[in-house]
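Since the structure of chain C is provided, determine the placement of chain X on it from the hints.
2 protein chains.
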Amino acid sequence: MKIRFKNARILTMKDGEDIFFGELHVTDNKISYIGEEKPEFADANWDRVIDVEKNVLMPGFKNAHTHSAMTFLRTYAEDLPLKEWLYEKVFPMEAKLQPQDMYPLSILGIMEYLTSGITANFDMYMAPKYVAEAAKDTGFRTVLCGSANDFGGSKESLKNEYETFNNYHELVSYQLGFHAEYTTAKELMLDVADLARELKTPVYLHNSETKEEVAGCVERYGTTPTAFLDSIGMFEYGGGGFHCVHMTEEDLNICKERGLYVVSNPGSNCKLASGIAPISKMLEMGIPVALGTDGPASNNCLDMFKEMFLVSGLQKIACEDATALDSMEVLKMATVNGAKAMGLTECDVLAEGKLADLIMIDLNQPNMQPIHHIPKNIVFSGSKINVAMTMINGKILYENGKFFIGKEPEEIYEQVNAVVSRIMGTSEAI
Amino acid sequence: MKIRFKNARILTMKDGEDIFFGELHVTDNKISYIGEEKPEFADANWDRVIDVEKNVLMPGFKNAHTHSAMTFLRTYAEDLPLKEWLYEKVFPMEAKLQPQDMYPLSILGIMEYLTSGITANFDMYMAPKYVAEAAKDTGFRTVLCGSANDFGGSKESLKNEYETFNNYHELVSYQLGFHAEYTTAKELMLDVADLARELKTPVYLHNSETKEEVAGCVERYGTTPTAFLDSIGMFEYGGGGFHCVHMTEEDLNICKERGLYVVSNPGSNCKLASGIAPISKMLEMGIPVALGTDGPASNNCLDMFKEMFLVSGLQKIACEDATALDSMEVLKMATVNGAKAMGLTECDVLAEGKLADLIMIDLNQPNMQPIHHIPKNIVFSGSKINVAMTMINGKILYENGKFFIGKEPEEIYEQVNAVVSRIMGTSEAI
Numbered sequence: 001m002k003i004r005f006k007n008a009r010i011l012t013m014k015d016g017e018d019i020f021f022g023e024l025h026v027t028d029n030k031i032s033y034i035g036e037e038k039p040e041f042a043d044a045n046w047d048r049v050i051d052v053e054k055n056v057l058m059p060g061f062k063n064a065h066t067h068s069a070m071t072f073l074r075t076y077a078e079d080l081p082l083k084e085w086l087y088e089k090v091f092p093m094e095a096k097l098q099p100q101d102m103y104p105l106s107i108l109g110i111m112e113y114l115t116s117g118i119t120a121n122f123d124m125y126m127a128p129k130y131v132a133e134a135a136k137d138t139g140f141r142t143v144l145c146g147s148a149n150d151f152g153g154s155k156e157s158l159k160n161e162y163e164t165f166n167n168y169h170e171l172v173s174y175q176l177g178f179h180a181e182y183t184t185a186k187e188l189m190l191d192v193a194d195l196a197r198e199l200k201t202p203v204y205l206h207n208s209e210t211k212e213e214v215a216g217c218v219e220r221y222g223t224t225p226t227a228f229l230d231s232i233g234m235f236e237y238g239g240g241g242f243h244c245v246h247m248t249e250e251d252l253n254i255c256k257e258r259g260l261y262v263v264s265n266p267g268s269n270c271k272l273a274s275g276i277a278p279i280s281k282m283l284e285m286g287i288p289v290a291l292g293t294d295g296p297a298s299n300n301c302l303d304m305f306k307e308m309f310l311v312s313g314l315q316k317i318a319c320e321d322a323t324a325l326d327s328m329e330v331l332k333m334a335t336v337n338g339a340k341a342m343g344l345t346e347c348d349v350l351a352e353g354k355l356a357d358l359i360m361i362d363l364n365q366p367n368m369q370p371i372h373h374i375p376k377n378i379v380f381s382g383s384k385i386n387v388a389m390t391m392i393n394g395k396i397l398y399e400n401g402k403f404f405i406g407k408e409p410e411e412i413y414e415q416v417n418a419v420v421s422r423i424m425g426t427s428e429a430i
Numbered sequence: 001m002k003i004r005f006k007n008a009r010i011l012t013m014k015d016g017e018d019i020f021f022g023e024l025h026v027t028d029n030k031i032s033y034i035g036e037e038k039p040e041f042a043d044a045n046w047d048r049v050i051d052v053e054k055n056v057l058m059p060g061f062k063n064a065h066t067h068s069a070m071t072f073l074r075t076y077a078e079d080l081p082l083k084e085w086l087y088e089k090v091f092p093m094e095a096k097l098q099p100q101d102m103y104p105l106s107i108l109g110i111m112e113y114l115t116s117g118i119t120a121n122f123d124m125y126m127a128p129k130y131v132a133e134a135a136k137d138t139g140f141r142t143v144l145c146g147s148a149n150d151f152g153g154s155k156e157s158l159k160n161e162y163e164t165f166n167n168y169h170e171l172v173s174y175q176l177g178f179h180a181e182y183t184t185a186k187e188l189m190l191d192v193a194d195l196a197r198e199l200k201t202p203v204y205l206h207n208s209e210t211k212e213e214v215a216g217c218v219e220r221y222g223t224t225p226t227a228f229l230d231s232i233g234m235f236e237y238g239g240g241g242f243h244c245v246h247m248t249e250e251d252l253n254i255c256k257e258r259g260l261y262v263v264s265n266p267g268s269n270c271k272l273a274s275g276i277a278p279i280s281k282m283l284e285m286g287i288p289v290a291l292g293t294d295g296p297a298s299n300n301c302l303d304m305f306k307e308m309f310l311v312s313g314l315q316k317i318a319c320e321d322a323t324a325l326d327s328m329e330v331l332k333m334a335t336v337n338g339a340k341a342m343g344l345t346e347c348d349v350l351a352e353g354k355l356a357d358l359i360m361i362d363l364n365q366p367n368m369q370p371i372h373h374i375p376k377n378i379v380f381s382g383s384k385i386n387v388a389m390t391m392i393n394g395k396i397l398y399e400n401g402k403f404f405i406g407k408e409p410e411e412i413y414e415q416v417n418a419v420v421s422r423i424m425g426t427s428e429a430i
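If you read the sequences in order, they're chains C and X. Per the working numbering: the first sequence = residues 1 to 430. Per the working numbering: the second sequence = residues 1 to 430.
The following block holds chain C by itself, in its conformation from the complex:
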């Protein structure tokens, strides 16, 4: 399969490389050419030639923290603080799910990712086999994240998942992880740390999302989650934390020293009133920051444009400084840094030999005009309406508002609403 994108503005996201006019070719699942237009391309054999009409090709966004299958809880329980929301609303409903429910619930999430130009997710949820199948069947790239906690999971099950899903399918990989310090017994955390050293692999978890979480850990272990986990050897091979809103100086130093990724989730942190993460400070210290939507139960949308505006806007508010957080830095978080945090170094930027995970941004929309500075336009003004195409692993899965995922949208909506009706005893709301 050979696809030629011609007449394109190309934003590779390579450090220091500006947007340029040219073409990009995809052969099977990889980028086979990026550069200027040449007369001989017109005569070559192509399966498809796409005139990009001076719109933008760029790497797909990487959603570095989510729980896709939580689509079933979108707007089910709103305007509640995290603990009440989690223990009184989320956990009881999750207990009613069947493993196979994760399949349509995850596909619904994947569909929304495609509309937002997201080409890969870092997905922490139950029944990872069904989540992996959803990715495989639709053509979406997913990195599963271990989610052990006191409700389930052990050293053995994590090791088994690690081996299974890192040898499952080219679109699927797996990183070691557990839910969070506050939901996981010390023994299990020690086991995870052991396993990380045995496998020489990084570890990911929800970290310091709320003040209460940090205070609880200080009460339990005499120190913050980051410092406690570091003290038990959790991060010998790196890893990262989701949220990282309430971080001490010492915590940030540990992140810096261990090369830990911070995955910020500003939409969720607003919605659950968790607070504003000190992103500017992290960047100053050289800590790599990626972006995630968190699950649709706490955000409620899966929209990288919203997260990009928020991470910048909230930082300006928190620092009382309109110059805080440059927009190119934000675009890097949403693409390259996310890819690195997720171990997806083969689809971080656009370059020959890299996997063809890329999107087309439609500039012929009023919100992208006039054209002063395209990356800033994308960060501050971009919207799902600008995603003209989403390609993953060389295949176009979404184009001009249509899905090419081997399923009809209506079929997925019906299946998801059936799950909701079954477990909540409600029919489709007015």
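Hints in this document: simulated from the structure, not taken from any laboratory. Be careful, since some hints might not be right.
Stated by the list, open to error - One side only, chain C facing chain X, incomplete, derived with CB under 8 Å:
#	residue
1	Ser32
2	Leu80
3	Ala273
4	Lys384
To be verified - Computed list of lysine-lysine pairs in BS3-like fashion (alpha-carbon distance at most 27 Å, straight line):
#	chain 1	residue 1	chain 2	residue 2
5	C	Lys54	X	Lys54
6	X	Lys211	C	Lys281
7	C	Lys54	X	Lys281
8	X	Lys83	C	Lys281
9	X	Lys281	C	Lys83
10	X	Lys6	C	Lys402
11	C	Lys407	X	Lys54
12	X	Lys281	C	Lys211
We put the beta carbon where it would ideally sit given N, CA and C, even for glycine.
Only chain X this time, still in chain C's reference frame:
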């Protein structure tokens, strides 16, 4: 012209009225029927029958504060504090504009409003004649706001504008206003207050947007802008303030007593690091709050979905309370309250006899599924991608991604980029 919308979910936004299934008819520029489906409708004569396919009809959003023609500055000067941004970047470029430039620049803004389901704007800018023409020619509803300040405008010019634009065209009206206390000499403000009393009309202005603005006023007049303006009789017939971020207890009491509208602009307040307005407190006190995007130079997009998420999310962060600001309240701000603040009581809710300013929200998108609670879905998860149709004054101006405004989008983009090239000496950026 008779249009029948059938098979619809209808959200009238009337107090206490839930969404119901039914139909809505438009005759010329008004809603002629809302209610249940009846067999006789099938046999009536219609110019067009639209099957809404169980999607949502609701009142259009009202953008209660903006400067549409500032589209020419979108992403021109980013990541700067308000004063530097305004005096060093915005004012010098504005000085190079020709009055007729406002025509295409405003139309570009109008096009973006249509993509976001915005059916009316409260527009403060120079050369209001061209702004009014842009609205009239495209079919958009605009309320012009007086913008007198030390760079231009007088009691006479305001009175003239008031009379001219309140008798201009059915889509155009005018409210008395001036830019802000910090840009307007005391004499001119006294004149505006005189005129307001003479015309028995409300007055609108930028109010208490930044800490520095309030401090400057305290230095100049010994009190806050709200209290100072009230002391000179500015609000005898009401009015409102745009932004109102830094308000004292006394300021809020004045708003309450005078029935002043607060128009919040959370996107702009993030972007310029102005702060978070005390919206929850205002609502508790019974102060009516509306929403605006502010101009595209400071936001940078004109997207009511973003403003709705932000006004809620920021309030939860500021109050450290995830229950702050109920989502139905937010939807009311974006529709009914905006209409009232702008004097558009004939298009505030969907009801028989009201003007047909309405939108169709597409629920058959992954971000709107499953269907638990539609208004919450719209507020927290909605996006421009969900705006299937925007109708103003009985005419469909935007439908399925296409504009019906008597102009081709490319023509407008070209004209806007030509203005930009002329005044900034740059050609279209890569």
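(request) Give me the numbers of the hints this structure contradicts, sorted from smallest to largest. (result) Numbers 1, 5, 7, in rising order.
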